[in-house]
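Using UniProt numbering, the letters of the sequence shown map in sequence onto residues 1 to 600.
If you're looking for bench data, these hints aren't it; they were derived computationally from the structure.
Among the hints, erroneous ones may be present.
Stated by the list, open to error - Result set (DSS-like, lysine-lysine): computed pairs, CA atoms no more than 27 Å apart in a straight line: (1) Lys148 - Lys113; (2) Lys161 - Lys140; (3) Lys425 - Lys344; (4) Lys250 - Lys178; (5) Lys161 - Lys178; (6) Lys114 - Lys148; (7) Lys161 - Lys250; (8) Lys132 - Lys114; (9) Lys113 - Lys140; (10) Lys439 - Lys481; (11) Lys148 - Lys116; (12) Lys148 - Lys107; (13) Lys178 - Lys425; (14) Lys480 - Lys561; (15) Lys132 - Lys107; (16) Lys161 - Lys481; (17) Lys178 - Lys164; (18) Lys114 - Lys140; (19) Lys164 - Lys220; (20) Lys220 - Lys140; (21) Lys332 - Lys439; (22) Lys344 - Lys113; (23) Lys178 - Lys220.
Claimed, not checked - Cβ pair distances, simulated, as ranges: (24) Glu138 - Gln238: 40 to 50 Å; (25) Asn549 - Glu467: 27 to 37 Å; (26) Glu456 - Glu544: 50 to 60 Å; (27) Gln427 - Glu527: 16 to 26 Å; (28) Gly155 - Lys439: 48 to 58 Å.
A quick note: this is a predicted structure, and the numbers were derived from the prediction, not measured.
Every residue gets a Cβ at the ideal spot worked out from N, C-alpha and C, and that includes glycine.
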Amino acid sequence: MDSLRILNCYSTCATNTKFEFLVQHHRHKSPLWLSQRRVCQRMDRVSLYGRSPRILSGISSVETREEEKKRKNKRGSSPGCEMVRLYIRLDHQVAFGEHVSVVGSAKEFGLWKKHKSMNWTENGWVCDVEVKGDQIVEYKFVIVSTDKSMVWEGGDNRVLKLPKEGAFEMVCCWNMTKEAADLLPSGSEEYGEKVGNDASNGSRRSEEVMSPFVDQWQGKAVTFMRSNEHRDRERERQWNTSGLDRLALKLVESDRSARSWWRKLEVVRELVVSTLEGGHRLEALIYSAIYLKWINTGQVPCFEDGGHHRPNRHAEISRLIFRELERILSRKDTSPQEILVIRKIHPCLPSFKAEFTASVPLTRIRDIAHRGDIPHDLKVVIRETLGELILMQQEIKHTIQNKLHRNAGPEDLVATQTMLARITKNQGEYSEAFVGQFKIFHYELKDFFNAGSLAEQLEAIRESFNEERLSSLSLFLECKKASVQIVSLEFEVGEKILFQERITKALDHLEDMHNCLKSDQMRLLLETVQSLNGLREVIVRGLESGLRNDAPDAAIAMRQKWRLCEIGLEDYAFVLLSSLNDKTVGKAIAQNNAMCRINV
């Protein structure tokens, strides 16, 4: 009976968070990481991976089993009635209290009327469906809230051409309705690898592709184009100015006319500069930090505005904002609150290194889009979606190259990473030279958005270190690498929660505080913290001198890299020390509180 009760395990609470001038979409009304953790995960392991038949009744008998066997034999013997069993997983998490359903044109999918609920797991939402084979099925995923309101994924209906019979598994991504579904044979190693890659970052392909910047993306899914398709996608946007005044009102009204990313950066620059000498400087910094964060995560989308502005325009505006922020940091009247907020703004600004302020930056993608070693009949790969042949080379040209050189935006990094995942999915399928060049471009684009990992950012400033500084950098990187092998300490900007979970799981094996301090693992962790503090002290001393008015552009660009590394090191240390504190001091406090309650 427990197996039957878990079919209805959804929470009755929901979280509603309303933001001004945010895209009005239910999907964004609460953080995505507040997902349900229910016992239906146990059911999923049985139905999806164990391949056990679905529970039809709480009572079993020889008669019912025989009848079921006869029905199956009768169904299998009828011509034209072969069945296909699908194990579906949606790689998406929703807000607490919400759940996901699937609905479609087939009877088993509810005939567009009745939704088929899916079960929650840490890797996404899953269900298994047995449907008549050799037919075309249209379907979509729906997020259902506790108040019965529904959010349908965007785009056209998903279309699936079913084989005549067999058991297959498929993984889908929210809003990516145009992507062709890959039906993998049930129990195949390829599917297992795909699930494993989604569950952790340990695979080779994940290490090559994943970026913390993209992991935080909450905007619309990437749509690859074969031509310059300009559509008005702002119809769903709303600018609610009720109850706003002063700087908040100015920001919302400015965003209304700032379609593209470079114009939104200009809005931030004007907001910061206009309040340098006024009494609303802290307020302006707070609004700027929130606004830039929403832009970088796609919650405030960027669109093309009809102009033609290469990424060097964005880099130049970023340099102006950075200079103003550094001036505020060097002022004597700057408050600790202002310093804290400024540290939140820096990671949201693009890089303005010399290669990005050049008149024609990021030209590698142009060469990639016109390579001659891509087979003409495939153009890297020819994919069939809704009966149309999509040429990947045209997708690279129109979705990434042309878009990047007209109106660059955070969505370009998302598109590039998605494309990289496609061309590295099957090793050896495409030219090594082509894949290698695309990986280099992906790294360059991450550098432009300052979206690299902490290790990548530290390597970027290595050339500016003298021998003494290099020894501190090398020591920290060695300790970090060794500690990763013990407790999976790989931490990148934006991965605080995942990092803390890994530390917690690793330290769960240590019995008490005394044993922790004696263990080699704890010693190595403490050495990592000490080497981190030493490296951070070196970087802070280099930043203490301030920014001169006549500083050359190259020096300003390197200062930005130093600033980002110092902030990244602080983030790394904070989460690590918090986790260690929970497992040492926290445990002692808990034991002490328990003894106090006993004595009382």
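Hint by hint, here is what the structure shows:
1. Lys148 - Lys113: Distance ~14 Å between Lys148 and Lys113 Cα, so the pair holds.
2. Lys161 - Lys140: holds, 14 Å
3. Lys425 - Lys344: violated, 35 Å
4. Lys250 - Lys178: violated, 38 Å
5. Lys161 - Lys178: holds, 14 Å
6. Lys114 - Lys148: Holds. Lys114 to Lys148 sits at ~13 Å (cutoff 27 Å).
7. Lys161 - Lys250: violated, 51 Å
8. Lys132 - Lys114: This hinted pair holds, its Cα atoms lying about 18 Å apart.
9. Lys113 - Lys140: Distance ~12 Å between Lys113 and Lys140 Cα, so the pair holds.
10. Lys439 - Lys481: The given pair, whose Cα atoms are some 23 Å apart, holds under the 27 Å limit.
11. Lys148 - Lys116: holds, 14 Å
12. Lys148 - Lys107: holds, 22 Å
13. Lys178 - Lys425: The given pair, whose Cα atoms are some 18 Å apart, holds under the 27 Å limit.
14. Lys480 - Lys561: Distance of about 20 Å is within 27 Å: holds.
15. Lys132 - Lys107: Holds - the C-alpha atoms of Lys107 and Lys132 are around 9 Å apart, at most 27 Å.
16. Lys161 - Lys481: violated, 47 Å
17. Lys178 - Lys164: holds, 23 Å
18. Lys114 - Lys140: The given pair, whose Cα atoms are some 12 Å apart, holds under the 27 Å limit.
19. Lys164 - Lys220: violated, 34 Å
20. Lys220 - Lys140: holds, 16 Å
21. Lys332 - Lys439: violated, 45 Å
22. Lys344 - Lys113: violated, 46 Å
23. Lys178 - Lys220: holds, 13 Å
24. Glu138 - Gln238: 40 to 50 Å: Given a distance of about 30 Å, which is not inside 40 to 50 Å, the answer is violated.
25. Asn549 - Glu467: 27 to 37 Å: Check passed, 30 Å falls within 27 to 37 Å.
26. Glu456 - Glu544: 50 to 60 Å: violated, 25 Å
27. Gln427 - Glu527: 16 to 26 Å: Taking Cβ atoms as reference, Gln427 and Glu527 lie about 37 Å apart, which means the hint is violated.
28. Gly155 - Lys439: 48 to 58 Å: At 28 Å between Cβs, range violated.
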